[in-house]
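Engineer: So the sequences go chain by chain: S, Z, D and H.
Quick note: to get my numbering, add 55 to the position in the first sequence (first position is 1).
Quick note: to get my numbering, add 55 to the position in the second sequence (first position is 1).
Quick note: to get my numbering, add 55 to the position in the third sequence (first position is 1).
Quick note: to get my numbering, add 55 to the position in the fourth sequence (first position is 1).
Don't read these hints as lab results, they were simulated from the structure.
Treat the hints with caution; some may be incorrect.
Heads up, the list lumps identical chains together, so a pair's fine if it works in one copy or across two of them.
When the alpha-carbon atoms are kept at most 16 Å apart in a straight line, the in silico EDC-like pairs for lysine to aspartate or glutamate are as follows [stated by the list, open to error]:
1) LYS185 with GLU345
2) LYS68 with GLU438
3) LYS73 with GLU300
4) LYS73 with GLU175
5) LYS208 with GLU438
6) LYS142 with GLU313
7) LYS212 with GLU319
8) LYS212 with ASP145
9) LYS212 with GLU313
10) LYS142 with GLU340
11) LYS73 with ASP215
12) LYS73 with ASP441
Keep in mind it's a predicted model, so treat the numbers as computed, not measured.
4 protein chains.
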Amino acid sequence: MVGARDARTPIMKAVVYKSPCRVEVQDVTDPRLEAPTDVIVKITTSGICGSDLHMYEGRTPSMEGMVLGHENMGVIEEVGTAVVSIKKGDRVVIPFNVSCGFCFNCERGFTNACLTVNPEGYHGGYGYAKMGPFRGGQAEYLRVPYGDFNCLKLPGKPGDGHENDFLLLSDVFPTGYYGTELAGVVPGATVAVFGAGPVGLLAAYSAMLRGAAEVYVIDCVQARLAKASDIGAIPIDFTQGDPVEQIFELRSTTAFVEARRPGEEKMPGVMCGIDAVGYQARDREQPEKERPTQVLEDLIRVVNPTGRIGVVGVYMPSDPGAPSDAAKHGQFQFPLGSLFERELRLSTGQTPVKRFNRFLRDLIIAGRARPSFIISHRLPLAEAPDAYQKFDRRSDGYTKVVLDPQRQAA
Amino acid sequence: MVGARDARTPIMKAVVYKSPCRVEVQDVTDPRLEAPTDVIVKITTSGICGSDLHMYEGRTPSMEGMVLGHENMGVIEEVGTAVVSIKKGDRVVIPFNVSCGFCFNCERGFTNACLTVNPEGYHGGYGYAKMGPFRGGQAEYLRVPYGDFNCLKLPGKPGDGHENDFLLLSDVFPTGYYGTELAGVVPGATVAVFGAGPVGLLAAYSAMLRGAAEVYVIDCVQARLAKASDIGAIPIDFTQGDPVEQIFELRSTTAFVEARRPGEEKMPGVMCGIDAVGYQARDREQPEKERPTQVLEDLIRVVNPTGRIGVVGVYMPSDPGAPSDAAKHGQFQFPLGSLFERELRLSTGQTPVKRFNRFLRDLIIAGRARPSFIISHRLPLAEAPDAYQKFDRRSDGYTKVVLDPQRQAA
Amino acid sequence: MVGARDARTPIMKAVVYKSPCRVEVQDVTDPRLEAPTDVIVKITTSGICGSDLHMYEGRTPSMEGMVLGHENMGVIEEVGTAVVSIKKGDRVVIPFNVSCGFCFNCERGFTNACLTVNPEGYHGGYGYAKMGPFRGGQAEYLRVPYGDFNCLKLPGKPGDGHENDFLLLSDVFPTGYYGTELAGVVPGATVAVFGAGPVGLLAAYSAMLRGAAEVYVIDCVQARLAKASDIGAIPIDFTQGDPVEQIFELRSTTAFVEARRPGEEKMPGVMCGIDAVGYQARDREQPEKERPTQVLEDLIRVVNPTGRIGVVGVYMPSDPGAPSDAAKHGQFQFPLGSLFERELRLSTGQTPVKRFNRFLRDLIIAGRARPSFIISHRLPLAEAPDAYQKFDRRSDGYTKVVLDPQRQAA
Amino acid sequence: MVGARDARTPIMKAVVYKSPCRVEVQDVTDPRLEAPTDVIVKITTSGICGSDLHMYEGRTPSMEGMVLGHENMGVIEEVGTAVVSIKKGDRVVIPFNVSCGFCFNCERGFTNACLTVNPEGYHGGYGYAKMGPFRGGQAEYLRVPYGDFNCLKLPGKPGDGHENDFLLLSDVFPTGYYGTELAGVVPGATVAVFGAGPVGLLAAYSAMLRGAAEVYVIDCVQARLAKASDIGAIPIDFTQGDPVEQIFELRSTTAFVEARRPGEEKMPGVMCGIDAVGYQARDREQPEKERPTQVLEDLIRVVNPTGRIGVVGVYMPSDPGAPSDAAKHGQFQFPLGSLFERELRLSTGQTPVKRFNRFLRDLIIAGRARPSFIISHRLPLAEAPDAYQKFDRRSDGYTKVVLDPQRQAA
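Bound conformation, chain S alone (with noise of 0.2 Å):
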């Protein structure tokens, strides 16, 4: 019957948005069945992701009162009268993405455009400013609509390990895995990665994954570029000069070029190039400054050309605290003559999650994959808001933080 429920009590405990760089654990209401096709899912692990700090930074419009949390697995806790795929018990990981699996977009595979779920867009997403009327995972029970369609099953149960593997495939490692897609990654190929947070790390990963035959990576933390170097990539430190510069020179220097022959000297970079930074990226040689389009420029300058650019880091259209006006408005400075004369393809946007959630994940049962060594810390509910304010800080290698609502705070 729809919308009966067990004993559960309708209160339970969820990460609540405030106001700029607040968050707070609340008692909100039990979520319930709201369409003979949603689900109830008990969280197991929730994730904090990067772009939540876009929102807990008070960089997109306001959502107080929003229960956050998009990197959602867990438990199906009750399923509606029309699910016919999972049941009772089954262990799923979410995509971000709210989906209906039968619009124009869902049905070509662009399920990051869905035109059913959200009234006022065509993305949905949980906990998300303008991604829809959906609340968030981090949270004990979360409501998932469609759930034929938007869950995967996972082997196992709770504790069989692969927890935090299985988790990214909610989110990053699909993201970091689009990245080289947009990118044109293909084995042998040559890939510069922007940014080595989570996303970053994982599209390197990815292009790995995928046989890449050299993989840069670019940042200045030293602990991240240290774990780029662990998973086989060769990390390239902006504050020991232009990153560009160092690539040319490194690849100038190894076999690979010796082999060239003559005219290939003009291809100095690499063919894949992808943005897992974003328009929050900083000036290089100021670094205390926002420069968004840092990260872009190098790119265009990196990828040699005829090759290919994917943007996984995001760029807002309406963005109240940027350094520039014209950035309010999602303008940029952008050097589109160069972009054009090395006849260069830019792909960007939200990753279509489910196109390579189930691949992923096979990847992982097979253990010929494990993401989750990009998470520094699991935590209880209790201690989200000092988990966000931390990974806002980036302080203490808090890198990537998750959630597990069913343990309780020390």
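Since chain S is already given, all that's left is putting chains Z, D and H on it; use the hints.
Structural biologist: For chains Z, D and H alone, coordinates are given in the frame of chain S:
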């Protein structure tokens, strides 16, 4: 024997660039075979391209003394000793790109970025600034490097008809077609083409050939819009109001939209956008003023989320005549935030003509394509200076001029 | 409320399979909503398909009592409580495949292999042997599972015209189109289509829509070949000699071939081949005899090395009526050595209608496609038994029959 | 000057085919430059390929007197006057396909079907039956036509290491890789490779490089299966039972399957199948008997509906030594009905080596690929007759032999 020549006189007529807004027909030395892979072509038709006007107006680095002309066809006059697939007397059309066929880019099909032929860059072209030491074909004869690779054989002989159709295989027909390729035009697609010059009209024509359902062509010149209408496209006159709003309005009242399911009203535009204008776009509000990103701004509004934009209009990394300092260096204010939010793909660059010219030739032979509808004038070489001037001013219906070097001036 | 119905009588007329070569129009119970995602459609047109004849002739496992009809369109009569994108009164056309939209195959676009809907296999279809428990639509009403996913909205209302065009979106138009997709038809392509029945003609028509340069259609029935000619294809009558040799001959004398460079005479055939006949092909030498691989043998000869063959004609793994023991088990003598030596690709299978029906609908709406030229008869339901018999014998020009269940027999 | 040579003696050693099961090392004339685009390569390594054994056993048209060897690498000894990208002393590896680079097939990337170089067919190859007038490279020197197009430059010099890895770029590494390309292997894919000879093992290795989740390798030789296991694949010994059932069983008990949603048990096999055996397949029940379609029958069973099969094992249109009359003419009994019902794609043909060799080279240089694990013996030219015999019998672990023409026999 390499280098041997018949009784032709070593002096020929050619169109030579002198200074901004001045070209002359002069006597120059005949071209000679310089390598065993070269061929010499007796030119029967050579077009004047919109991009020739960039040079003509002094909007490119100086090229005094250069013989112009990158849209060339004719009859093989002489072949080098290594040439095996064509022989004296063969009728051929030649891509504007000069390419080797064996470098990293050529072998992947990117003949628009040949690494071999141009010592100073990664593009080769005839009679064009920064495209290498290749004389153009607005002349009686032309040397073509790598003749086996660069000549496309044609049926019949000069005068058999189709001369003007086949000439367009050298550049603007494949370039218009490339716009549709970059924009992802498939059967049933909706398409907006900005600019109804030769490339824009042939982009619209190519979209029709590929089975597009609706093709909107945006311009302000009535004669051009009439041609768009003739080929089955829907003309949009931007002097009658914001062209993006006009397209939204037309689509919202057609039967197509009536068929939509809820949510699809969030996609009032088209899926495929083509920029056939480039950096000399004008401000729609103040048409006497250049506004280099006017077309791209409109495209980002009119192309639906998850759509694609193909840019075949030229943007220059260096433009001494640009309206602002930033634009002089190829930097433009650009709505990157919207591009990302709308999950668009932006693909740019010169056209790899060889990827398409053979298939388009076969459509002409089969009687299924007649691109010559865009040609307004066919003139003897001697009239080139006058033709350049009139074409530059778009006066007297000079929409597309081709030169016939074998015809005496009246 | 799920299950509620209006005042319709619970008895309706439907075409029921009785025994080989016998169908009857009978009273059957009305369909009911069985799940919240179901819809009930009042059928305005239902086609008789060539593949219905496989059943009619007893060439499939027995299906006594089955209501036939997988080519269906009509008006929404009732929707389940989970349905959000369509409502009572909407005009819709329904793919012949029944599919869920969320299984591994559906989410990758293979709605032709849905894993959810048919308990006994990986295909779902209406009124078809082994395709699941779904009644067909040669009836007054039809239950459609997963209505949001399976209904394609149409403009207008019954009687507004295009009824016959839109009906063909349920199967044969997308199926013909799928043949061109599998065969890799691109603008400028050369194509050979074997069979000028409804699917073959619409494959040829689709090839033209996609911009093919030359489309050959092979059959022996003059009326069909005349239709091929009407749409711009080149008819080949195989009773006048080996059709492969006929195509070689035609191509060797056209202007196209004149344009070739040395070596290309080794490619006298076409690049794209389509089998629109299937396992009931006849021996060209002895047309009274079945020769199941006749068409594939010819295709392997006529398709040039590196070309592609799309097989949309049906081959059966089990065929009680086959001419040999091997063929009874779907085993056929096959020129695999030539297939390999010629480096061909052979792609097969039922059509995933949803991948194409929306785009093809838009071509009909835009006035760019009129597939109904293949329909010979539109008849009331009562005449179905007679129509089946005549269509099976191809008598009296019965090339394609559609039934109108809302029309009274004369 | 074309044709000039240095002081090398005009006599060299080469492996010459004499009669079935007999090759000899003989003195033959040195190769000479025959065209300005030719180069002469001093061979440092030349492999013996499984397909050489087809000739060795007399299973191809007669080729008495032919110098064998299509897997070749070495150092440039001399270049023709038209050659620009390589020079004397360069280290290179050469694709087995001889191709021109400018015909219709080459320019589309199908160098496996060059129309120019072989007067009698549409394939060119070194030292191979029906592949044109090209001597093989199991010799001290080799003439390579179109040197700019056909030579892939390598770093280092002979003796620098990687000699055996790089040699495999001439054929079997790209061929194994091509199998994965035809089979559609993507990250997370499930793959079955039939045959664990050099091509099969390198197909499995390529599948791993491309990020496959599960790779099954089917053979009956323990040493080969052990190598499959070493590279992370799952060995299946078909002498232990029907390999298809073994794979179904393994997959049904892995965690992967546990993760499935209802319906997915209908897909117990893999999505990608590779035939690395070809027409000399043996009957699994009676291994002493050839059963040319054994592998394809198994593949059609084990590949899930909508999957793809890549055939890189050779099937011959004419095979004098075949076990049946039909097979002598390349005709085989084939489960076409199942192929269609399962909606499979079957892609065949020789490998276009150039499409892949550069990227695979870069993986070797980067230390990410070491294909030489398949090589069992490196021998001087003089031992070729003995090596052929042992390799043909697969005796003494002769799994893959390469010859070193610059090394004296012990």
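Engineer: If a hint holds in the structure, say so; if it does not, say that too.
Structural biologist: Results for each hint:
1. LYS185 with GLU345: Neither, since 24 Å and 35 Å both go past 16 Å.
2. LYS68 with GLU438: within (12 Å within a copy, 66 Å between copies)
3. LYS73 with GLU300: Answer is neither; intra-copy 44 Å and inter-copy 39 Å both fail.
4. LYS73 with GLU175: Answer is neither: 22 Å inside a copy and 53 Å across each miss the 16 Å cutoff.
5. LYS208 with GLU438: Neither. Shortest intra-copy (28 Å) and inter-copy (50 Å) distances fail the 16 Å Cα cut-off.
6. LYS142 with GLU313: Between copies only: 14 Å across, 58 Å inside.
7. LYS212 with GLU319: neither (52 Å within a copy, 20 Å between copies)
8. LYS212 with ASP145: Classified as within; 8 Å inside a copy, 45 Å across copies.
9. LYS212 with GLU313: between (52 Å within a copy, 11 Å between copies)
10. LYS142 with GLU340: neither (55 Å within a copy, 44 Å between copies)
11. LYS73 with ASP215: Classified as neither: same-chain Cα gap 35 Å, cross-chain 55 Å, threshold 16 Å.
12. LYS73 with ASP441: within (14 Å within a copy, 71 Å between copies)
Hints 1, 3, 4, 5, 7, 10 and 11 from the earlier list are contradicted by this structure; the remaining hints agree with it.
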